[in-house]
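Colleague: Spelled out, the chains give:
2 protein chains.
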Amino acid sequence: MKILITGGAGFIGSHLADFLISKKHEVVAVDNLLLGRKENIIHLADNKNFKFIKEDLMNINELKEIFQENDFDVVFHLAANSDIQNSAKNPQIDLNNTFMTTWNTLECCRLFNVNKFIFASSSAIYGDVQEKLTENFGPLFPISYYGAGKLASEGFISAYAYMNDIQAWIIRFPNVVGERATHGVIHDFIKKLRNNPNELEILGDGKQKKPYLYVKDLIEAMFFVYQKTKYRFNCYNVGVEDQTAVSEIAKIVCEEMGLRNVRLNYTGGNIGWKGDVPQFKYNLDKIHQLGWKAKYSSTEAVRIAVRRILGK
Amino acid sequence: MKILITGGAGFIGSHLADFLISKKHEVVAVDNLLLGRKENIIHLADNKNFKFIKEDLMNINELKEIFQENDFDVVFHLAANSDIQNSAKNPQIDLNNTFMTTWNTLECCRLFNVNKFIFASSSAIYGDVQEKLTENFGPLFPISYYGAGKLASEGFISAYAYMNDIQAWIIRFPNVVGERATHGVIHDFIKKLRNNPNELEILGDGKQKKPYLYVKDLIEAMFFVYQKTKYRFNCYNVGVEDQTAVSEIAKIVCEEMGLRNVRLNYTGGNIGWKGDVPQFKYNLDKIHQLGWKAKYSSTEAVRIAVRRILGK
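Residue numbers (this note's numbering), protein chains in the order written: chain A, 1 to 312; chain B, 1 to 312.
Note that these hints are calculated values from the structure, not bench results. Computed from a prediction, not measured in an experiment: that's the story for all the values here. Any given hint could turn out to be false.
Same chains, same names: a pair is fine if it fits in one copy or spans any two.
Derived BS3-like pairs: lysine-lysine, alpha-carbon spacing no greater than 30 Å straight-line [what the hints assert, rightly or not]:
#1 Lys54 with Lys230
#2 Lys64 with Lys274
#3 Lys132 with Lys286
#4 Lys274 with Lys228
#5 Lys132 with Lys312
#6 Lys51 with Lys286
#7 Lys132 with Lys230
Construct the entire structure; sequences and hints are all you get.
Modeller: As structure tokens, then:
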């Protein structure tokens with residue numbers, strides 16, 4: 001199969017490229033290299049089944065040319081602004097990079113008859129909700145522009161799928177961790193501790209608690225759901241059952257960096273920044289019944305991610 | 001209060017302008033006159049509390065000037081593509097006219113500190129669902145670009161409201177009928193029968209069944225919800241409990257036009273066009289408990305609308 005990965009040089013996209021190449025698929029990775037990095041895919045450069053195109057999906061005319069020149073069987077649409085903390089200051093970032101990139105990619109699928117579309121959605125669409133999140137949960141009132149961009153994307157994917165007989169898979173990611181991450185709590189802690197190994201600033205009260213999924217578990221889940229489900233429209237939460245508190249992540253990072261007696265300074269409040277959902281839990285019955293379970297628990301995933309990022 | 005009505009020369013917007021003017025508010029109506037009409041507001045032209053500005057909300061810079069020059073207290077955002085049947089052919093119509101108009105208006109509210117935002121949402125966000133629709137229903141998988149544009153709008157309103165302390169009211173409309181309508185089944189039937197009073201083409205099998213709300217009932221409901229609810233974020237279905245079948249509407253139109261023995265030609269299939277939701281029912285407990293009920297049932301609303309459109 002010939003597969004387009006948007007955001008293909010990014011943290012998750014580049015792992016997906018590795019996986020699909022290992023399964024002997026032909027992969028075209030498109031990325032504007034804003035958050036993605038050439039280093040993430042440099043090892044694929046000589047692979048005849050891999051092609052990288054530096055392009056911004058906001059340029060729909062260039063994107064149309066890419067679709068014209070390549071006869072894609074499947075699109076994995078991962079491109080998005082993934083730095084929620086940053087986009088909180090400017091809603092245009094998620095309008096463009098999270099939503100319009102989706103619309104442009106969908107429109108190309110419609111125009112060039114590509115009828116398999118896999119979408120990297122997010123727990124952020126659910127907003128700030130205490131109860132366990134099933135795929136059918138409503139209402140959907142996101143509290144971040146990022147969550148809004150992902151929900152808006154889901155809405156248009158649903159309409160495009162119905163109107164153009166496109167088969168769609170909505171995969172709602174939890175927090176994802178692992179090597180090549182460009183931001184997020186682990187990345188931040190390591191960076192701060194490299195600057196100053198004596199103290200660590202922690203946003204909020206450290207009690208924010210989320211499920212963290214190891215990136216390779218996520219990639220397997222995405223492909224598993226894509227292969228196992230045959231409906232026109234498919235929607236799955238992907239994650240792990242446990243959660244890891246931010247203060248626990250700090251402890252693991254300090255341990256793995258061999259640092260003792262680090263002073264932890266909490267900025268206070270129950271959220272890291274405005275738009276941050278302080279805790280969520282997925283109901284994973286649907287994907288478990290399909291036959292997939294994560295290899296690593298949330299806290300294991302965090303430890304593995306820290307080790308990989310540290311080059312251990 | 002100084003109130004902006006987007007889509008203020010349209011079918012519903014112009015009725016809202018009448019209502020708010022009657023309550024002694026100052027109203028600025030903005031409309032690109034694509035679906036709206038000057039005739040709808042001509043009677044307000046000499047009212048010192050009313051101002052009309054012909055502008056397309058897609059031009060955010062002009063919209064910013066309008067916000068700069070007017071110190072709005074409240075925005076009623078009604079502007080949208082409302083011709084779902086037409087936009088089915090071109091998804092760009094709902095991207096621009098249903099969604100981007102919302103985003104631009106929200107962005108102006110953020111920039112100019114307008115913190116009350118009332119939104120004309122739609123049953124179309126729910127997709128094609130058999131069960132009674134409560135406000136908390138999920139998942140939300142719309143089947144029309146119009147429904148997607150409304151859901152995308154809700155998502156961003158939710159995020160903007162949270163991030164910028166804007167108070168928001170999401171009012172989910174059913175089918176709305178009455179004088180000044182520019183399209184829809186009643187309008188179509190009257191137009192067709194004026195062309196040819198001997199036969200009437202009906203899209204689908206005539207069994208599509210929806211709740212129709214008389215426009216003046218809707219306007220009162222919107223204002224009632226806005227006045228009675230004080231949360232930061234408020235979401236209400238507005239409608240009537242009964243439904244009217246399309247074949248019943250055809251019968252009423254023929255009766256009111258004094259036409260007998262009209263041959264009804266059904267195009268067949270259970271939907272009027274691709275993207276049409278053939279039936280839906282609202283659960284209205286939430287708005288009923290707040291103290292509002294429609295004056296007219298669905299079938300009464302249809303008959304009144306037919307009479308008004310015929311100038312009776």
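Colleague: Run every hint past the structure and note whether it holds.
Modeller: Against the structure, the hints:
no.	hint	result
1	Lys54 with Lys230	neither (32 Å within a copy, 49 Å between copies)
2	Lys64 with Lys274	between (37 Å within a copy, 25 Å between copies)
3	Lys132 with Lys286	both (13 Å within a copy, 24 Å between copies)
4	Lys274 with Lys228	between (38 Å within a copy, 28 Å between copies)
5	Lys132 with Lys312	neither (35 Å within a copy, 55 Å between copies)
6	Lys51 with Lys286	neither (35 Å within a copy, 54 Å between copies)
7	Lys132 with Lys230	both (26 Å within a copy, 28 Å between copies)
Hint violations for this structure: numbers 1, 5, 6, all remaining hints satisfied.
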